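Those protein sequence lines, which keep their order, are chains A and B. Residue 1 is where the first sequence starts when you use my numbering, and the numbers rise one by one after that. Residue 376 is where the second sequence starts when you use my numbering, and the numbers rise one by one after that.
I should point out that these hints are in silico values taken from the structure, not numbers from a laboratory. As the structure is a prediction and not an experimental result, all values here were calculated from the model. For glycine and all other residues, C-beta sits at the position ideal for the given N, C-alpha and C. Incorrect hints may appear among the rest.
Examples of chain B residues lying across from chain A (beta carbon under 8 Å, computed) [what the hints assert, rightly or not]:
#, residue
1, 400
2, 403
3, 446
4, 447
5, 449
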Amino acid sequence: MSVNKQKTAVNAAELIRNNSVPIMFIIICAVCIPLAGFSPSYLFNEIITRIGRNTFLILSLLIPVMAGMGLNFGMTLGAMAGEIGLILVCDWQIVGIPAMILAVIISLPIAVGLGLFCGRILNMARGREMITSYIMSFFINGIYQLVVLYMMGSIIPIKHSNIKLPRGYGIRNTVSLLRMRQKLDKLIPLKLFGADIPVMTFIIIAILCFFIIWFRKTKLGQDMRAVGQDMEVAKDSGINVERTRIISIVISTILADIGMVIYLQNMGNIATYSSHSQIGMFCIAALLVGGASVDRASIGNVFLGVTLFHMMFIVAPAAGARITGDSMIGEYFRVFVSYAVITIALVMYETKKRRARSRVGEQLKLEQGTGEEAA
Amino acid sequence: MSSGKKTIIIRMCLVLLLLVIAVICFITGRGHTVYFDNKAVDFSGETYPAVYKIEVKVNGEKAAKLYEDERGMADTMGQSFSMVVEMTKEKGDEPTAHAVSLSLPYSMDGIILNIPAMMAGLPPEAYLSEFVQAPEPEAEESEEVVTDEFVMEDL
Numbered sequence: 001m002s003v004n005k006q007k008t009a010v011n012a013a014e015l016i017r018n019n020s021v022p023i024m025f026i027i028i029c030a031v032c033i034p035l036a037g038f039s040p041s042y043l044f045n046e047i048i049t050r051i052g053r054n055t056f057l058i059l060s061l062l063i064p065v066m067a068g069m070g071l072n073f074g075m076t077l078g079a080m081a082g083e084i085g086l087i088l089v090c091d092w093q094i095v096g097i098p099a100m101i102l103a104v105i106i107s108l109p110i111a112v113g114l115g116l117f118c119g120r121i122l123n124m125a126r127g128r129e130m131i132t133s134y135i136m137s138f139f140i141n142g143i144y145q146l147v148v149l150y151m152m153g154s155i156i157p158i159k160h161s162n163i164k165l166p167r168g169y170g171i172r173n174t175v176s177l178l179r180m181r182q183k184l185d186k187l188i189p190l191k192l193f194g195a196d197i198p199v200m201t202f203i204i205i206a207i208l209c210f211f212i213i214w215f216r217k218t219k220l221g222q223d224m225r226a227v228g229q230d231m232e233v234a235k236d237s238g239i240n241v242e243r244t245r246i247i248s249i250v251i252s253t254i255l256a257d258i259g260m261v262i263y264l265q266n267m268g269n270i271a272t273y274s275s276h277s278q279i280g281m282f283c284i285a286a287l288l289v290g291g292a293s294v295d296r297a298s299i300g301n302v303f304l305g306v307t308l309f310h311m312m313f314i315v316a317p318a319a320g321a322r323i324t325g326d327s328m329i330g331e332y333f334r335v336f337v338s339y340a341v342i343t344i345a346l347v348m349y350e351t352k353k354r355r356a357r358s359r360v361g362e363q364l365k366l367e368q369g370t371g372e373e374a375a
Numbered sequence: 376m377s378s379g380k381k382t383i384i385i386r387m388c389l390v391l392l393l394l395v396i397a398v399i400c401f402i403t404g405r406g407h408t409v410y411f412d413n414k415a416v417d418f419s420g421e422t423y424p425a426v427y428k429i430e431v432k433v434n435g436e437k438a439a440k441l442y443e444d445e446r447g448m449a450d451t452m453g454q455s456f457s458m459v460v461e462m463t464k465e466k467g468d469e470p471t472a473h474a475v476s477l478s479l480p481y482s483m484d485g486i487i488l489n490i491p492a493m494m495a496g497l498p499p500e501a502y503l504s505e506f507v508q509a510p511e512p513e514a515e516e517s518e519e520v521v522t523d524e525f526v527m528e529d530l
């Protein structure tokens, strides 16, 4: 009986240790929600909107994790491609759902190109994929700014003055997507508990979830999992490791591209020079809040993460304002927490890895000792 | 057929399909802003006066209610445009409703429709013209912001 109790206690401790980040966030939300004083219908509406807006982008991170490439900070590259597509479509005065489809089609080759480039670079920096992709996002951001700030309007024709800077070339800080705003979300109108449910966006997210589940079972998906577990073993078993890793990044970049178009249609405007820069960080933070780690992430982690992370985003400023009388504290708190969560998750991952390694070492030592004794 | 050739053909078909979808989106997704004018117009030496009141319905919803010399607008997608015009010629008259369908020119972002001229059965050049936005005033030169970033001399 006592052995059973001990086992249960150990299992509970293990469960808490493995899910410490989501548990921490559940506690934060549980404390902040009553302090913020928002009505349940308001919170429900906000959460539903944010789930629709962000989930596709976060799902784009799953495939590189599966291939053992960690959290793809390079998803920003796909987001930039999506923005370029939207800017062009906006200048051509294409509106509504066709505008979204056209933006995705235009940006697709850019996303594929950037994904190929990113994948190749990451193959050269094996073991340091995350920091490499993070720095690469800054590098590509420089090129993006060159294109958007100097080439658009001078080399790439941009006709409309409401998009172009007054000097005649370059794109304004904000591009309005008013005639595209929430067209996808409101394609199938549904109101539930006072909240507008973005049915079509949820259908697209569901399709992507099924695609990811199906993809895991395909030959390529199995190869990616094998590569993610052990590259050397995968190579010995005849898998083209480098190609598999590149494909995972290309798929992630394409999904990020589509995700960014969905995200911006919900927002209704593009912050030309900053929309993409924070997106990678917030998506990764949301995934980690859902209990994912660098080498393990599931669809469940995505949904839990997006709900908890954005719940904190909604309630933290109001709770901060209620406690301190200054809403800036709450603003600061949510940004601080998103960076902190990434740090904690990375530290925990590294600690776990080292602990596992030392456990294996000890076991080997023990086995060697018993072998020598027997001899 | 070898599998390599088959793959190339499938990929080319996919690219072609995407191109076809892009072209369809490009044509059907073109947005226009249609402006409705209730103003007098001169055509072939004849004057067509504005009427007392015009109500325009687009997709069953009221888009504009115009008295003399007023302008209304509606956003639309695609090249075919349908509306219902309810015209009251004089105050106290019964309004008469007319369903109107017309094809909008692709190249124009903003299109002005002069409703009295259109209802009088005049040709498109009499009632349809392009809306040209007033040029933006010259932006004042912004003050140069001086920062010490990348200034290596101080090091």
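Hints, one by one, checked against the model:
{"no.": "1", "hint": "400", "in the structure": "4 Å, holds"}
{"no.": "2", "hint": "403", "in the structure": "6 Å, holds"}
{"no.": "3", "hint": "446", "in the structure": "20 Å, violated"}
{"no.": "4", "hint": "447", "in the structure": "18 Å, violated"}
{"no.": "5", "hint": "449", "in the structure": "12 Å, violated"}
When held up to the earlier numbered hints, the structure conflicts with 3, 4 and 5 and fits the remainder.
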